[in-house]
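Protein sequences appear in the order of chains A and B.
With UniProt numbering, letter number 210 in the first sequence gets 210, and the count goes up by one each step, no holes.
With UniProt numbering, letter number 308 in the second sequence gets 308, and the count goes up by one each step, no holes.
To be clear, the hints were calculated from the coordinates, so they are not data collected in a lab.
Among the clues, some could well be false.
Across the chosen pairs, the derived CB separations fall in these ranges [said to hold, decoys possible]:
1) Asp32(B) - Gln264(A): 45 to 53 angstroms
2) Asp10(A) - Asp32(B): 41 to 49 angstroms
3) His50(B) - Val249(A): 49 to 57 angstroms
4) Glu217(A) - Lys34(B): 53 to 61 angstroms
5) Asp80(A) - Gly255(B): 55 to 63 angstroms
6) Asn91(A) - Cys173(B): 38 to 46 angstroms
7) Lys57(A) - Lys34(B): 25 to 33 angstroms
8) Val179(B) - Pro82(A): 34 to 42 angstroms
9) Val256(B) - Asp80(A): 55 to 63 angstroms
Straight-line alpha carbon distances no greater than 20 angstroms define the calculated SDA-like cross-link-like pairs of lysine to any residue that follow [unchecked claim]:
10) Lys95(A) - Leu24(B)
11) Lys50(A) - Leu24(B)
12) Lys48(B) - Leu9(B)
13) Lys50(A) - Asn25(B)
14) Lys48(B) - Asn91(A)
15) Lys197(A) - Ser126(A)
16) Lys95(A) - Tyr43(B)
17) Lys95(A) - Lys10(B)
18) Lys22(A) - Lys57(A)
19) Lys116(A) - His105(A)
20) Lys95(A) - Cys15(B)
21) Lys95(A) - Gly57(B)
22) Lys57(A) - Asp54(B)
23) Lys124(A) - Lys57(A)
24) Lys46(B) - Asn103(A)
25) Lys34(B) - Thr125(B)
26) Lys238(B) - Arg175(B)
27) Lys90(B) - Lys238(B)
28) Lys211(B) - Arg175(B)
29) Lys95(A) - Val51(B)
30) Lys124(A) - Lys46(B)
31) Lys64(A) - His50(B)
32) Lys90(B) - Lys48(B)
33) Lys40(B) - Asp100(A)
34) Lys95(A) - Lys238(B)
35) Lys40(B) - Ile97(A)
36) Lys95(A) - Asn25(B)
37) Lys263(B) - Gln253(B)
38) Lys117(B) - Glu97(B)
Yeah, the Cβ is synthetic: ideal placement off N, Cα and C, and Gly gets one too.
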Amino acid sequence: MRLVICDTADYVAEWSAKYVLKRINDFQPNPDKYFVLGLPTGGTPLGMYKKLIEYYKARKISFKYVKTFNMDEYVDLPRDHPESYHYYMYNNFFKHIDIDPENVHILDGNAPDLVKECDDFENKISEAGGIELFIGGIGPDGHIAFNEPGSSLASRTRVKTLAQDTLEANARFFGNDISKVPNQALTVGVGTVMDAKEVMILITGSHKAFALYKAIEEGINHMWTVSAFPRTIIICDEDATLELRVKTVKYFKALSATHQKLIQEDGDAILRRSIQNN
Amino acid sequence: MSREDQQILKQFYNCCILRDGKILNEDLWVRDGKIVDPEKIFYDEKIKPHVRIDCNGALISPGYIDLQINGGFGVDFTHNINNVQEGINKVAKRLLEFGVTSFCPTLVTSPSETYHKILPNIKKTKGGKHGAAFDIMYGFKSLTDMYGSLENVCLVTLAPELPNAQSVITELCKRNIIVSLGHSVANLKEFHHRDPGLVGLLTSDQVYPGKTIHYGIIADGIHTHPAALRIAHRTHPKGLVLVTDALSALGLQEGVYQLGQLKIEMRSGHAYIAGTNTLCGSTAEMSKCVRHFKEVTGCSIVEALEAATLHPATTLGIEKTKGVLNYGADADIVMLNKDLELLSTWISGECVHCNYKCNCQ
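Let's have the full structure, built from the sequences with the hints guiding it.
Put into structure tokens, the structure is as follows:
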């Protein structure tokens, strides 16, 4: 588990975008070797998408040989509804970059057979060779995608009925009318995310400080699923560290020079230092 | 266009577009001459555009629509009786230089023989490389003059106080022909507080809710005083339609011309009766009218553009396909710079005129 503590949420956006940039460019994707990216929606990653679009426009990155898989989508919400994740992804990211629409995968919440849709999604991920980097956020209760606390660590892509808490939290996106909030969603499972070669979690704001504490300082726990993730890098702002012990924060901050190397264009993931024999 | 051309998907990028009363930082996608929804294409068809056109930061507006134009470039629609179609085609082509992609050739009040000769020879046309689209508008005295030849007519101007006006209006409405009030003594005399005449209609409380009264105004800086434009804009901006009312002298170079019975002289952009200082009709260019209107009223870019696009389209009831950049509308567009100067004109997504080295080819 790596934890990168940035001063502000803006810097979380920049850091995470730079990390994606470096991972894709180091991978050197080509027609025979696609980079496979797992993507989230929501307020937290918005800044990261903006930065990636900026880098694309500055020709620092191309998405021509990138395949994407999104985490989740509401069931029976029209695809062009402003709260649908299809709408979010198209308008906040895809329409601004050079990705081939054939390489974009978002669960179809209007599919006639939802179970089949979920199974097909898992198969497509396998066919693509698995996910190289899965980016996600977590909710104040620790949920990732629509995997609410208590979801099995072995869960796969499936139909989920949303908890009352989630419906209430989402009502603000549907004119504060809870009856308009879709009560089902398709979501990747915790197991689907954990299978990725690497997971990057973005956490900002003091309201998520407790979730970060649970993910880092407590034991592995399926009520706080991020705690169970292997090969994870968490990017957070100062506010999100409020519930952490001083010792924990100081430990990770002391590693910041190492972490900085992760996003430098010529940086290596592991620092080597030659020790002189005198 | 061949079948293959029709399938070409074009993306205009690096531009702003006027849509839903807002200027948006959006791309415009066109296929088969229509504006299409790129999000649908992205998810359903999963294809990328075949052609990408860099607009260099231009503002894209729907093409201008001129509801009242009597001629131009030496052609007078009412007097060129013998080669009607030729004259209209010439004007349609040249109007592209002013950003006009649709217009109503207007016939001024004439003896009935004139109408009988002209009307059957004008047909509603879709625009293209040959010129702007057109529909017909004209004024006349009584319906019997015209009976039987109204099928090519979309708008009729008449004086409401004439006998039988009410029954004529009812008859025209039945045929889906728009009725415009004018030629009236009411608009010849000055506005009076006890008898506001046609101007009074702009703030009338007798208009059905949801109905908008549209009115044309020539914003060429000559025919209408800036204060009149400001009054119009402030009292009833939603119904304001910019028209040119241009005559045959529109677009002519400096010099003396024989137009019909009249000898005219073009001097510093205006048409005078030769050898005098008497103006002989409007030579207003629509793109200039839009800029002038914005400048003197201080209105927003959106308001100025809509007065030459959405409002005239709404007047004719064609706002689903013309005067807007909504999905499904015709891709008749103009590209403008930030001062609303015309850069290029496009009909059905094809560049038909450009004022600079644009990337249209």
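Results for each hint:
1. A beta carbon spacing of about 49 angstroms between aspartate 32(B) and glutamine 264(A) agrees with the range 45 to 53 angstroms that was offered as a hint.
2. Under the hint 41 to 49 angstroms, the C-beta atoms of aspartate 10(A) and aspartate 32(B), about 43 angstroms apart, fit the expected range.
3. For histidine 50(B) paired with valine 249(A), a C-beta distance near 53 angstroms keeps the hint of 49 to 57 angstroms intact.
4. The hinted range of 53 to 61 angstroms is satisfied by glutamate 217(A) and lysine 34(B), whose Cβ atoms lie roughly 58 angstroms apart.
5. Taken as a hint, the range 55 to 63 angstroms holds for the pair aspartate 80(A) and glycine 255(B), whose Cβ atoms sit roughly 57 angstroms apart.
6. A hinted range of 38 to 46 angstroms for the beta carbons of asparagine 91(A) and cysteine 173(B) is consistent with their spacing of about 43 angstroms.
7. Between lysine 57(A) and lysine 34(B) the beta carbon distance is about 29 angstroms. The supplied range of 25 to 33 angstroms therefore holds.
8. Checked against the hint of 34 to 42 angstroms, the pair valine 179(B) and proline 82(A) passes, with Cβ atoms roughly 41 angstroms apart.
9. Range check, valine 256(B) to aspartate 80(A): about 60 angstroms between beta-carbon atoms, so the 55 to 63 angstroms window is met.
10. For the proposed pair lysine 95(A) and leucine 24(B), the alpha carbon gap of about 14 angstroms is at most 20 angstroms, so the pair holds.
11. With a C-alpha separation of about 17 angstroms, the suggested pair lysine 50(A) and leucine 24(B) falls inside the 20 angstroms cut-off, and the hint holds.
12. The suggested pairing of lysine 48(B) with leucine 9(B) holds, with an alpha-carbon distance near 8 angstroms, which does not exceed 20 angstroms.
13. For a cut-off of 20 angstroms, the pair hint linking lysine 50(A) to asparagine 25(B) stands: about 15 angstroms separates their Cα positions.
14. Between the alpha carbons of lysine 48(B) and asparagine 91(A) the distance comes to roughly 16 angstroms, so the proposed pair stays at or under 20 angstroms and holds.
15. Using a Cα cut-off of 20 angstroms, the hinted pair lysine 197(A) and serine 126(A) holds, with the two alpha carbons roughly 13 angstroms apart.
16. The suggested pairing of lysine 95(A) with tyrosine 43(B) holds, with an alpha-carbon distance near 11 angstroms, which does not exceed 20 angstroms.
17. With a C-alpha separation of about 14 angstroms, the suggested pairing of lysine 95(A) with lysine 10(B) holds against the 20 angstroms cut-off.
18. Using a Cα cut-off of 20 angstroms, the hinted pair lysine 22(A) and lysine 57(A) holds, with the two alpha carbons roughly 16 angstroms apart.
19. Under the criterion of a C-alpha separation no larger than 20 angstroms, the hint pairing lysine 116(A) with histidine 105(A) is consistent with the structure, at around 15 angstroms.
20. Our distance criterion of 20 angstroms between C-alpha atoms is met by lysine 95(A) and cysteine 15(B), whose separation comes to about 14 angstroms.
21. Our distance criterion of 20 angstroms between C-alpha atoms is met by lysine 95(A) and glycine 57(B), whose separation comes to about 17 angstroms.
22. Under the criterion of a C-alpha separation no larger than 20 angstroms, the hint pairing lysine 57(A) with aspartate 54(B) is consistent with the structure, at around 14 angstroms.
23. With a C-alpha separation of about 29 angstroms, the suggested pairing of lysine 124(A) with lysine 57(A) is violated against the 20 angstroms cut-off.
24. Pair hint lysine 46(B) plus asparagine 103(A) holds up; C-alpha atoms about 9 angstroms apart against a cutoff of 20 angstroms.
25. Of the supplied pair hints, the one linking lysine 34(B) and threonine 125(B) holds, its CA atoms being roughly 16 angstroms apart against a limit of 20 angstroms.
26. At most 20 angstroms may separate the alpha-carbon atoms for a hinted pair to count; lysine 238(B) and arginine 175(B) exceed this at roughly 25 angstroms.
27. As the CA atoms of lysine 90(B) and lysine 238(B) are separated by approximately 32 angstroms, the hinted pair breaks the 20 angstroms bound.
28. Proximity of lysine 211(B) to arginine 175(B) is assessed by CA-CA distance (about 19 angstroms); at most 20 angstroms being required, the pair is judged to hold.
29. Restraint check for lysine 95(A) and valine 51(B): satisfied, since their Cα atoms lie roughly 15 angstroms apart, inside the 20 angstroms limit.
30. Annotation: proposed proximity of lysine 124(A) to lysine 46(B) holds, straight-line Cα distance about 16 angstroms (limit 20 angstroms).
31. Simply put, lysine 64(A) and histidine 50(B) have alpha-carbon atoms about 16 angstroms apart, close enough for the 20 angstroms limit, and the pair holds.
32. Distance check on the hinted pair: lysine 90(B) and lysine 48(B) sit about 38 angstroms apart at the alpha-carbon level, beyond 20 angstroms; violated.
33. A threshold of 20 angstroms between alpha carbons decides the hint, and for lysine 40(B) with aspartate 100(A) the separation of about 14 angstroms falls inside it, so the pair holds.
34. Annotation: proposed proximity of lysine 95(A) to lysine 238(B) is violated, straight-line Cα distance about 33 angstroms (limit 20 angstroms).
35. Using a Cα cut-off of 20 angstroms, the hinted pair lysine 40(B) and isoleucine 97(A) holds, with the two alpha carbons roughly 16 angstroms apart.
36. Between the alpha carbons of lysine 95(A) and asparagine 25(B) the distance comes to roughly 12 angstroms, so the proposed pair stays at or under 20 angstroms and holds.
37. For the suggested pair lysine 263(B) and glutamine 253(B), the alpha carbons sit about 15 angstroms apart, so the restraint of at most 20 angstroms is met.
38. Between lysine 117(B) and glutamate 97(B) the alpha-carbon distance is near 29 angstroms, which puts this suggested pair outside the 20 angstroms criterion.
Against the hints set out earlier in the document, violations occur for numbers 23, 26, 27, 32, 34 and 38.
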